[in-house]
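Undergrad: Working from the sequences, and respecting the hints, build out all of it.
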Amino acid sequence: MSTVIEPPVEHLEKHLEELETVTIRFAGDSGDGMQLTGTQFTNTSAVVGNDISTLPDFPAEIRAPAGSLPGVSGFQLNFSSHDIKTPGDQPNVLVAMNPAALKVNVPDLEDGGTIIVNTDRFTPENLKYANYASNPLEDGSLAGYRVHKLPISTLNMNALKGVVQLSRKEMDRSKNFFALGVLYWLYDRPIEPTIKWINAKFGKSPELAKANEIAVKTGYNFADTTEVFTTHYTVKKAQIAPGKYRKITGNEATALGFVAASQLSGRTLFYGSYPITPASDILHELARHKSFGVKTFQAEDEIAAVCSAIGASFAGHIGLTGTSGPGVALKQEAIGLAVMTELPLVIVNVQRGGPSTGLPTKTEQADLFQAVWGRNGECPAIVIAPATPADCFIMAIEAVRLAFKYMSPVFYLSDGYLANGAEPWSIPAIADLPKIEIKFTTDPTGFMPYARDGETLARPYAIPGTPGLEHRIGGIEKQHITGNVNYDPENHHLMVRLRQEKVDRVVNDIPPVEVCGEKTGKVLVLGWGSTYGSISTAVDRLQSEGKSVSSAHLRHLNPFPKNLGEVLAGFETVIIPEMNLGQLCTMIRAKYLVDAVAFSKVKGRPFQIREIVRKVEEYL
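According to the numbering used here, the sequence shown is numbered sequentially starting from 1.
Calculated from the structure, these hints are not laboratory results.
Hints may be right or wrong, so weigh each one.
To be verified - Computed list of lysine to aspartate or glutamate pairs in EDC-like fashion (alpha-carbon distance at most 20 Å, straight line):
{"hint": "1", "residue 1": "K14", "residue 2": "E227"}
{"hint": "2", "residue 1": "K217", "residue 2": "D188"}
{"hint": "3", "residue 1": "K519", "residue 2": "D488"}
{"hint": "4", "residue 1": "K201", "residue 2": "E227"}
Computed from a predicted structure; not experimentally measured.
TA: Structure (structure tokens):
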């Protein structure tokens with residue numbers, strides 16, 4: 001058992017140092033409350049006024065053995081006094097609650113970084129679980145880091161013993177808040193927001209509330225009075241545009257975006273979904289908004305989920321279904337039906353590591369081919385992708401807008417990094433949101449189900465049951481204009497061409513791709529989805545050094561923006577970083593005959609800024 005570190009009798013004067021940016025990673029067993037600890041630190045940093053970016057890292061195994069390497073849960077937070085776009089490359093600080101957490105995460109820590117460890121967990125048994133031959137706290141292997149060895153479990157237990165009426169196991173669960181208190185002092189954060197949250201969260205369990213409050217206060221006071229820490233740090237408020245902000249994750253922004261789309265269009269939102277990691281939180285969030293007329297349906301399987309959404313679209317509502325890559329594979333036949341019937345179905349795909357079950361809790365962006373081409377026959381659909389957690393809100397609205405205007409299924413490609421990551425979101429004014437106009441056919445005169453709009457080629461949208469507007473749609477090929485079942489080869493050829501042309505015309509309704517930097521030069525770094533933050537930060541860094549490099553980011557992937565070919569032609573080399581084996585790169589090479597360079601990473605983790613910098617420097 002570790003010896004309790006007693007605070008000195010007299011208060012020590014400690015140095016306060018100002019930093020611009022800090023990256024902290026909390027790591028421990030999945031039951032150690034690391035996600036909760038990271039979230040509270042994030043919320044408090046947002047209250048202070050820092051810019052924030054987060055990256056939760058969940059264990060891939062359900063209920064992995066305690067103390068084992070697969071059971072490590074992590075939460076990385078980057079908070080800053082200036083604008084940031086990523087959760088940081090290498091953590092400056094690692095809080096490791098056990099040997100496994102140290103083993104998994106210390107390779108990512110910056111040279112000379114700070115390690116805070118719970119020495120109570122460094123038992124022979126736990127060291128064995130973590131595959132340590134010797135205790136890293138004693139064998140000199142951590143000599144390159146600043147290591148603070150704290151018996152967190154013991155300190156916390158001593159603070160609670162005889163004060164709260166809880167079992168030892170229940171008291172031990174609050175040790176994460178002790179560690180949180182230490183970090184609050186170390187980085188000059190107020191504890192009051194967390195105490196307020198604790199009392200609200202555990203209001204019905206006064207002893208638990210009391211234990212957690214004591215834990216966070218004791219951790220803070222310990223750090224303030226102990227000789228272990230001689231310096232603490234402050235990160236000033238970021239200079240961000242005036243407005244009302246809240247912290248938001250990508251999944252939350254996605255859900256709220258679709259609720260907003262429902263209000264903007266005046267149509268009921270129906271969400272049919274089978275719970276799947278990492279998309280489940282969209283269902284949870286939408287279920288909270290019944291007051292806005294949102295209807296949620298937790299289906300028994302993926303096929304039932306998508307078919308229910310198609311039914312909602314047929315009935316004139318916003319038909320929405322959400323899943324991850326394996327779920328999309330099951331939905332594809334039904335999505336093909338939505339293409340044939342030309343209904344405004346929206347499919348949310350929160351991409352995860354694959355194939356098959358793969359890495360359910362890890363991030364990837366390898367479903368682009370699946371969205372663009374992953375159905376039988378010629379089966380075109382619109383494909384879009386948000387760039388940041390906050391951007392998920394506006395792109396959800398965009399998905400609904402395009403689906404209804406062009407009477408076409410729309411794929412919305414998020415990923416685990418965006419879904420679980422968080423950043424400040426400036427809450428928009430309703431007047432500033434894009435308008436969504438849905439035109440229903442009401443005049444039965446001359447009505448035909450496949451007569452098309454001259455501009456968009458969208459077929460008329462008639463609500464079933466309207467007198468005089470009765471019509472048939474289905475999965476068997478239809479005759480042009482009339483919608484009668486038709487097997488004529490020429491008609492099939494025409495309808496296939498029309499469905500493709502309809503999607504192609506979306507190019508007239510989306511903004512041109514913007515280039516950040518010079519419009520021509522040596523290197524263009526092209527990205528899509530969640531690579532935005534790493535790419536833009538890496539390119540900014542290289543531009544500040546006077547390097548001839550620019551960046552561009554695609555939020556519309558099928559079709560591509562109209563000016564993309566012109567943009568690509570302006571650079572000697574085009575580099576495309578992707579969390580796949582080069583899917584966008586393949587599409588770019590095929591369409592524009594550009595010898596683009598694929599920079600692939602398939603590790604279940606987002607790109608680091610320095611990885612992209614090094615890759616670009618190879619071509620400068």
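Undergrad: Next, verify each hint and record whether it holds.
TA: Hint check results:
A hinted pair counts as satisfied when its Cα atoms are at most 20 Å apart, and K14 with E227 qualifies at roughly 9 Å. For the proposed pair K217 and D188, the alpha carbon gap of about 14 Å is at most 20 Å, so the pair holds. With a CA separation close to 49 Å, the supplied pair K519 and D488 exceeds the 20 Å bound. Taken as a hint, the K201 and E227 pair is broken in the structure, with Cα atoms around 33 Å apart against an allowance of 20 Å.
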